[in-house]
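*Asks:* Okay, here's what each chain looks like letter by letter:
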Amino acid sequence: MSSKEWPLWEVFIRSQHGLAHKHVGSLHATDAEMAINHARDVYTRRNEGLSIWVVRAADIVASSPSDKDPLFEPANSKVYRHPTFFPMPDEIKHM
Amino acid sequence: MKDNALFEFALRMGDTTLVLSQRLSAWCGHGPILEEDLALTNTALDLLGQARLWLSLAGEVEGAGRDEDALAYLRDAPAFRNPLLVERPNGNYADTMGRQFLFDVWHYFLLRELSASPDERVAGIAAKSLKEVTYHVRRSSDMVVRLGDGTPESHTKMQAAIDNLWPYTNELFQDDALDAAACEAGVGCHLGGLREAWMTQVREVLEEATLTVPDPDFPDYAAYTGGRQGRHTEALGYLLAEMQTLPRTYPGAKW
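Respectively, the protein sequence lines represent chains A and B.
Residue 1 is where the first sequence starts when you use our numbering, and the numbers rise one by one after that.
Residue 1001 is where the second sequence starts when you use our numbering, and the numbers rise one by one after that.
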């Protein structure tokens, strides 16, 4: 089973009460249709979800661990960047 | 009369799903790839769940104290009422997928009829099963197309699987006196009436798979029928011997 014929797919599932799709794992499949079928069998049989996204792993671009500092460090020392001083009305949920 | 018809009918449905589930379970850990392995096991468990519902209903209606376990594990081959198709050996993956596909399409149309049964126990089990079987059909049709329209070797194997299994499909549409009684009692349906829809869908998938559709009027040899009356192929005896070993060797075993 060469990985050329059976590329890797990443699977994202939105759970029953979830608001967003969450990465749950990966699998091998020849095309998108098979990937959806396999995702259903591998990842959703315990009522985990109601929506599945599959995407070829090759299509995902990830940030590099070596870029950690320039990408994620800068903001913490600057409190004015964090909108934590505003009271949040109760009607606005899930912020 | 109605109770007897329901008992026999539920037994046929229970045995059919039980035997196929047992067959599919044998693939566990031997599937061609991890994902297929899980998918087949899921199908096996779906069918086992359906078998439990049908056999429980049969036991309850019979009222002779036989529960689902007694019906599953303490009967010999001649007492089993499944069509011969589901007891055919697994063979290679194309054989298993061909068997699954030919069966799933039939199962789907049958359950669709049964879910409108005036008997609410039958309708309930059928409606629950139909959701699972709708997915089974989708999956097995997809695999038949992939294998048929795949490499020259997979095409040859898929065609051989369909050709070998084809003669066993006649039985799926043969109504006998029990079917007529079940139909009359509103707990079964006229199997012959499912043939056209089955043929149309099977033909569509086989053509998409670039496979040759076998002769629909294949001669109806007696050797390819009889399962639903208790006359089985040699294959069922071995299957039951394996399946029933534990409960027969250690009666009442619990863990």
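Source of the hints: derived by calculation from the structure; they are not laboratory data.
Note that this is a predicted model, so its numbers are computed, not measured.
It is possible that part of the hints are untrue.
[Said to hold, decoys possible] Distance condition first, Cα-Cα at most 35 angstroms in a straight line; then the derived DSBU-like pairs of lysine-lysine:
hint: 1; chain 1: A; residue 1: Lys-22; chain 2: A; residue 2: Lys-78
hint: 2; chain 1: B; residue 1: Lys-1254; chain 2: A; residue 2: Lys-22
hint: 3; chain 1: B; residue 1: Lys-1254; chain 2: B; residue 2: Lys-1131
hint: 4; chain 1: B; residue 1: Lys-1128; chain 2: B; residue 2: Lys-1254
hint: 5; chain 1: A; residue 1: Lys-68; chain 2: A; residue 2: Lys-78
hint: 6; chain 1: B; residue 1: Lys-1128; chain 2: A; residue 2: Lys-22
[Said to hold, decoys possible] According to the in silico footprint, chain B covers these stretches of chain A (three or more CB under 8 angstroms from chain B):
hint: 7; segment: 26–32
hint: 8; segment: 35–43
Glycine is no exception: its CB is placed at the ideal position from the N, C-alpha and C atoms.
*Asks:* With reference to the structure, classify each hint as holding or not holding.
*Replies:* We went through each hint and held it up to the structure:
1. Taken as a hint, the A/Lys-22 and A/Lys-78 pair is honoured in the structure, with Cα atoms around 30 angstroms apart against an allowance of 35 angstroms.
2. For the hint linking B/Lys-1254 to A/Lys-22, the alpha-carbon distance of about 40 angstroms lies beyond 35 angstroms, and the restraint is violated.
3. For the hint linking B/Lys-1254 to B/Lys-1131, the alpha-carbon distance of about 32 angstroms falls within 35 angstroms, and the restraint holds.
4. Of the supplied pair hints, the one linking B/Lys-1128 and B/Lys-1254 holds, its CA atoms being roughly 29 angstroms apart against a limit of 35 angstroms.
5. About 18 angstroms separates the Cα atoms of A/Lys-68 and A/Lys-78, which keeps this hinted pair within 35 angstroms; it holds.
6. Between B/Lys-1128 and A/Lys-22, the direct Cα distance comes to roughly 29 angstroms. Compliance with the 35 angstroms bound is thereby established for this hinted pair.
7. Given as covered by chain B, the segment 26–32 of chain A passes the check, having 4 residues with a CB less than 8 angstroms from a CB of that chain where 3 are the minimum.
8. With a cut-off of 8 angstroms between beta carbons, the segment 35–43 of chain A has 5 residues touching chain B; three or more are needed, and the interface restraint holds.
In summary, the one numbered hint that this structure violates is 2.
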